[in-house]
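> Once you've looked at the hints, dock chains B and C against the given chain A.
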Amino acid sequence: MKIGRHFYSDILDHLNRLQFQETPGIERDLLFLSDEFWLQDTAVVEHITKGKGMYWVGLIFVHSNQPLRFLKRVITGYSDHRKASTSAHYMRRQAAKDQRGTLVINPKSLNFNLN
Amino acid sequence: MKPTSTHIADHALKLFNNRGFVNVRLQHIADAAFVSVGHLAYHIKNKDTVIDDLFDQHRKAYENVLQSYRVMPLFEDFNTMLEELFSLQERFSFIYTDALELSRSYPALAEKYRNYSSWQRVQFEIMLGFHFSRGALQMPNQLVKMTDVAALLQNYIETWRYRKIILGKDFSKSQDAFTRDTWQFLLPYCSPQGLAELEVACIFSAE
Amino acid sequence: MSETKERIRRVAEKLFFEEGIGNVRLQQIADETGISVGNLAYHFKNKDALVQVVYDKLFEDFSKILSNYLQLPDLRDFDQLFELLYHFYTKHSFYINNIWEIERSYPDIKKSWSGFNQKIILQIEKRIEYNFQRGVLLSEPYQGTYHHLAESIWININCWIPQQFLQGKKTTLNLYLRAIWNLLIPYLTPKGRMEYETKVPSALQS
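Residue numbers (this note's numbering), protein chains in the order written: chain A, 1 to 115; chain B, 116 to 322; chain C, 323 to 528.
Just so you know, these hints were derived from the structure itself, not from any lab.
Source: prediction; values computed, not measured.
Beta carbons are placed, not taken as given, at the ideal position from N, Cα and C, and that holds for glycine.
Any given hint might turn out to be false.
Said to hold, decoys possible - DEER-style ranges, computed between Cβ atoms:
(1) K379/C - K284/B: 25 to 31 Å
(2) D291/B - R332/C: 41 to 47 Å
(3) D285/B - E340/C: 28 to 34 Å
(4) F7/A - Q455/C: 42 to 48 Å
Bound-form chain A, shown alone (with noise of 0.2 Å):
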């Protein structure tokens, strides 16, 4: 197969560009997976809010047996109310550790200060 001058200059420089982008990282990025790893003992709940014209989609996690840890993020949003609420709806199934819901949280586990 026959390769012109341009092509073969290009498929060298794509093989330069490739050593700097395989190389390894840096262990400091990898430090989320340990930080953040108590969100995998998390109750989940989906959190809708509207803004700009849009329905925001959200996710409040709480940790279930420290419910002063908690995390807020807004994910997504959406124009229209129902796409925004299914797609909470299934975002939260997939973030949270308890799928079906059958978990039971103890209130009295918890201890609110209501003061």
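Same frame as chain A, now just chains B and C:
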């Protein structure tokens, strides 16, 4: 043995340059010089003597050029020297292109070539040394020695005609390409002063 | 290739080196291989066919070298390339002897070879670019410097061995590597010099 007459030597030279010395027979030389082969045989015993004469001619001319430019004050003079060396290469091109074959076929010539090469190397070292000491050239780092640069320069000049063949470019007849390429080779060794000199003399500029 | 053919090819290579393609007669090749001219003609129709098969092997070996692009992610890659080419040219020493003959009389071979040349020069240029991106080589002082440098390196790779022979000097791998590296060394950055002195095998040996 009397030297080959200039007339015959010139014709022989042209033929060697055009066809390669291997392909040239005495008959061809005789024809080109409009003499009979018998007449030719009177002047030259065989092809070897002509080649030897031509080699000596070239060597003397080369020595003249290098010696007269040995202590040139400026890069401009170095450039003129390069131009003269290029003319020599053009005139005696077969010596450059057929060097390997000649060395293999004529051991005496091979010996002459070796001596001539050593002498050439020393001249280049002296020249480069001069330009280093006046501050126009500098060493980019301590990994390369001046003797290395002289060796590279010598190789560069001697093998320039191979560029046409190896790179497939047809600029072997261009004096400008020769001088420009040689300066491009010397660029990393030029000091700011040297670079300024090149610009001012319009020998080489940044473009 | 059959054993006889291979033997013939080797003898042809050797004679092309010693005498030049133009001067070699089929009778010589047959004699040195130890077969008759008729037998030789059975395997190779004429001298051109022999020349072709000799150069085919050259191209084949060269393709292997081309496929080694950037095997090592740093300056050592140059060392490896130079070393491979040294062995290549030592093995196929007939090449430089016959370069003018090919130019004159074998345009097809010339064309194929020039394609290979273009590729290797591009490879050298891209290796230079890559190492510049890594910060071990300086940026181009003038536009086109690195293209010119790649060409000069290639010419030197081709011509160093014959030049050493002409000047009556030794040809060893280390001297060769030093000579070729000397073209690149002026363009090394301080980081490049470090890498050269500590990692590159040829630098460590001398």
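> Next step is simple, just say for each hint if it's right about the structure.
To see whether the hints hold, each was checked on the structure:
K379/C and K284/B have their C-beta atoms about 27 Å apart, which keeps the hinted 25 to 31 Å range intact. The hinted range of 41 to 47 Å is satisfied by D291/B and R332/C, whose Cβ atoms lie roughly 45 Å apart. Checking the proposed 28 to 34 Å range against D285/B and E340/C shows it holds: the Cβ atoms sit about 30 Å from each other. As the Cβ distance of F7/A to Q455/C is approximately 21 Å, the hint placing it in 42 to 48 Å is violated.
Violated hint: 4 only; the structure is consistent with all others.
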